[in-house]
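Make the complex out of the two chains shown on their own, each in a separate frame, by following the hints.
Here's the letter readout for the chains.
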Amino acid sequence: MGEGDALARDAAENAARRSYGKLIAFLAARTRDVAGAEDALSEAFAAALAHWPKDGVPENPDGWLLTVARRKASDIARKSRRHQDASDHLKLMAEELASANDNGIPDERLALMFACAHPAIDEAIRAPLILQTVLGFDAATIASAFLIAPASMGQRLVRAKTKIRHAGVPFRIPERADLRERLDAVLEAIYAAYTEGWSDPVGTGLRRRNLAAEAIWLGRLAVSLLPDEPEALGLLALMLHTEARREARRDADGAFVPLDEQDTQRWNAATIDEAETLLHHASRMNAIGRYQLEAALQSAHAVRRIKGRADWDAILALYDALLAMTASPVVAINRAIAVAETQGPGAGLTALDGPARDPRLSQYQPFWAARAELLARTGRAQEADTAYERAIGLETDPAIRAFLQRKRAALPGPSSSSS
Amino acid sequence: MQYLLLIHGSEAAENAMSAQKMGEVMAAFGAYTEALKKGGVYVGSNRLQPVATATTVQVRDGKTSVLNGPYAETREQLGGYYLIEVPDLAAANDWAARCPSAAFGTIEVRPVWAM
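In order, the protein sequences belong to chains A and B.
So for the first sequence, the working numbering puts the first residue at 6; every next one is plus one.
So for the second sequence, the working numbering puts the first residue at 497; every next one is plus one.
Treat the hints with care, since some could be wrong.
With beta-carbon atoms standing in for the labels, derived distance ranges [as the list claims (entries may be wrong)]: (1) A:Leu-12 x B:Ala-512: 34 to 42 angstroms; (2) A:Glu-266 x B:Val-608: 37 to 45 angstroms; (3) A:Met-330 x B:Pro-546: 48 to 56 angstroms; (4) A:Ser-333 x B:Val-605: 26 to 34 angstroms; (5) B:Arg-571 x A:Arg-177: 48 to 56 angstroms; (6) B:Met-497 x A:Asp-93: 37 to 45 angstroms; (7) A:Ala-332 x B:Pro-583: 19 to 27 angstroms.
Calculated from the structure, these hints are not laboratory results.
Using N, Cα and C, we set each Cβ at its ideal position, and we do this for glycine too.
Isolated chain B (complex conformation) (with noise of 0.2 angstroms):
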């Protein structure tokens, strides 16, 4: 199955990391996708621009408005996910703790509808 790990934090916080910090976190990373892929479950990822790039386009009878701003105000926002193919939720939450940022953030686990 698959299932889309989200991952939330707070980007104030990740702002006021050092720089070594950061650069441990990034390291972290890049060997937690490693392990991804090497365990053969990874199957897509992407980093995003925090929400202040964001934009929230609605449709409401027959108009479009295009608004500046994510689509919802939270206290820790999603700066990322990993897409994974593995044969459990047991096994997607094992690797969702290995996220680094398991440790500060929040990963949430969603199966993907199989369509």
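Bound-form chain A, shown alone (with noise of 0.2 angstroms):
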């Protein structure tokens, strides 16, 4: 298959799938039943996802897809209380509908993933849930991008589909009063989609790129429906610029290359502007978070593009806010690296000891990937090999891992050390 073959499936199965997040998402937010309104539209999203590569997308495809849902409904329709309830949905459906005026169905996914990230769902199901409801990813997809077993994944979706029908979880966007706070866990489990997206070991490249490119779609619906939340747009600006750096990050042979050794040539300068224009306009809303810090860190690495060095004293500084924000043993560990680049790697090892005392790090590569790294460069090679055997026993991406041993290899040898 062709090039542009790929890019018209990919459209196409692209605009199915926006269709059809907006159809799950009216139909739910009435009913509160997601499963009920998954059942109403599979057949005809798996039509859709059939058909519309090769006949193309039709005119109108909420119609399309609304239309062969209550076909295949009524053709089942008394096979099974399932089917009943389906055709419900569908009859509910068509009746708001008609009511409506002529603007097409209202987009109600923003409330759709304010329920699917309610306090009341465990929150690590969230992401999932919003990447099947909204995006209709089945669970065996999602269970492998979240390196879960297929059977627990299904079950886990439709449990937390059954709370939120018998919970009572609202479909709606919060008060102004809440929405804040409401809003981190739906950025939490955009950001939470993007991850798994960006993390890219060999063979699974292509389908984790989907996944971070879907969470920058989500990240988008997000502030073009609440344009006015700093922290949509700081999120949006974050993985825009991590996005920009996805080539720069392994290099012609296909080896790991760390952020300070890319090309900044390679790095890609529109997304770069687009995540700093989203960031300078988030910025004179006054109100500072998690995001919109991480966002401006990855915009002070990406000054090197420009300064030919990163802004270090600017990284150290917002580690300083990420890590009074936070407390999170991870941030301690990056700003530990910053700390070895503005005052020295001694400097950097004795900011490693307080996260050091976390237990949750000792299984952790970066924790060691970077303990090793600042003992290199204070020439304590032997502890130094000790550490990076165990960031090579915890990496499970094989580049990083062959970097990783790399480092290791290069390390002086206890006969050339000087000691």
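Next comes the structure, spelled out in structure tokens:
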């Protein structure tokens, strides 16, 4: 299949997912029955995924899906109660639409996202639930992206939908007073989907890239529906800054290239510019938050394309602010690296002592890699060797594993050591 | 809970690896084993000889048959295992993903039947 065909197929699939998510959101917002809405539309959605790539996207994709769904439902209406439910859903939808004006289906996907990221829903299942309901990904695809067995992912999704229905989780955008806090959960779920899509072990590249693209699309949707929320802008800026460097993190042979060694020519300038504009816009709203800080960190790294060196003073100040806000051990590790850049590797190592006491980090690869790097730079090759070994054993991405192995092999051996 | 991580991979692909690549993979396995031990989850592990060395034994109607070769001819072969002790399947899957062979072979994660 040619590249053009693949592009057309992707465009058709995207259109089908957009339309599907809108219809699911519209139905579920009225019935609170996410599973019922999925039942009502599943066959029509499958038909769209099969036909649109070949025949092109219909002029009115929402109407096409709805018509096919109603036909399929009436075909099998009396076969089971579930299908009776499905056709009830579709009848309701037809009535709602008839009473609505001609502007098409109101977009309630944001309300659906708020329901999926409601505090009553298990935090770990929020991102998968959004991917399934808003974008129509099946449980098996989501499970493999999140490294969970498909059967248990399926069960957890079903349980979450049952909870939404039975616990009466509301489908609406929260009142202003609660909005910021509740929006955090939505943004967190979108970011979780993005970070899953960002990691790129060999052989899974394409599927994960799609997940990252979908997360960015969800981020754009959130920004378009809540244009005055600085953290929504901050998250989109953060994802775009990261995305701009996707190609540069591998060299021609597919080997991992760390951020400081990336060829800035390979960064996507247009994407960086868009991120900078968003971040600038957010900063004028004077409500700082985690995602704006993280986007600002990426921005301080991105200045290397102009000034030849990242703005490490700014990076350290931003990590200080982020650490005060989150108390996250992961932030503390990155802060220690910034300390090493501004005050020397010895000071960086001292800064790692705090997070080192957190037991969660004993199985966290970046902690060991940072420690190894700083030990090596202070000439403690033997200890660096042990720390690299630990980092290598904890890594899942073969390209990063190979990078760490090269670093370990490059340590001065006992014979050539000056001590 | 204990889980057995069964390492399946293509022996043909393994044989085709350069000595340098093989050295990297072995070093990665060494680091992985160390990480399992230091993480306090390691119970045991072994690497198996190639399937060409396998023998299969069956007893049917009182007759024992001994056949030369593996139980099933497959595209990927069982090459070794790790036995680990972790709280749940999610933790077992996390460790399976870190196994160097996960990048080119397949790791089957099987809970051990508690006796």
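### Message
Against the range 19 to 27 angstroms, how does the distance between the Cβ atoms of Ala-332 of chain A and Pro-583 of chain B compare: consistent or not?
### Response
holds (24 angstroms)
### Query
Does the Cβ pair Ser-333 of chain A, Val-605 of chain B satisfy 26 to 34 angstroms?
This hint holds: roughly 29 angstroms between Cβ atoms.
#### Entry: Outcome for the supplied range 48 to 56 angstroms, where the beta carbon pair is Met-330 of chain A and Pro-546 of chain B
holds (55 angstroms)
### Message
Quick check: does the Cβ-Cβ distance between Glu-266 of chain A and Val-608 of chain B fall within 37 to 45 angstroms?
### Response
Check passed, 44 angstroms falls within 37 to 45 angstroms.
### Task
Starting from the hint 37 to 45 angstroms, judge whether the C-beta atoms of Met-497 of chain B and Asp-93 of chain A obey it.
holds (44 angstroms)
### Task
State, for the Cβ atoms of Arg-571 of chain B and Arg-177 of chain A, whether the hinted interval 48 to 56 angstroms holds or is violated.
holds (52 angstroms)
### Query
In this structure, is the beta-carbon distance linking Leu-12 of chain A and Ala-512 of chain B contained in 34 to 42 angstroms?
Once the Cβ atoms are compared, 35 angstroms apart, the range 34 to 42 angstroms for Ala-512 of chain B and Leu-12 of chain A holds.
The earlier numbered hints are all upheld by this structure, with none contradicted.
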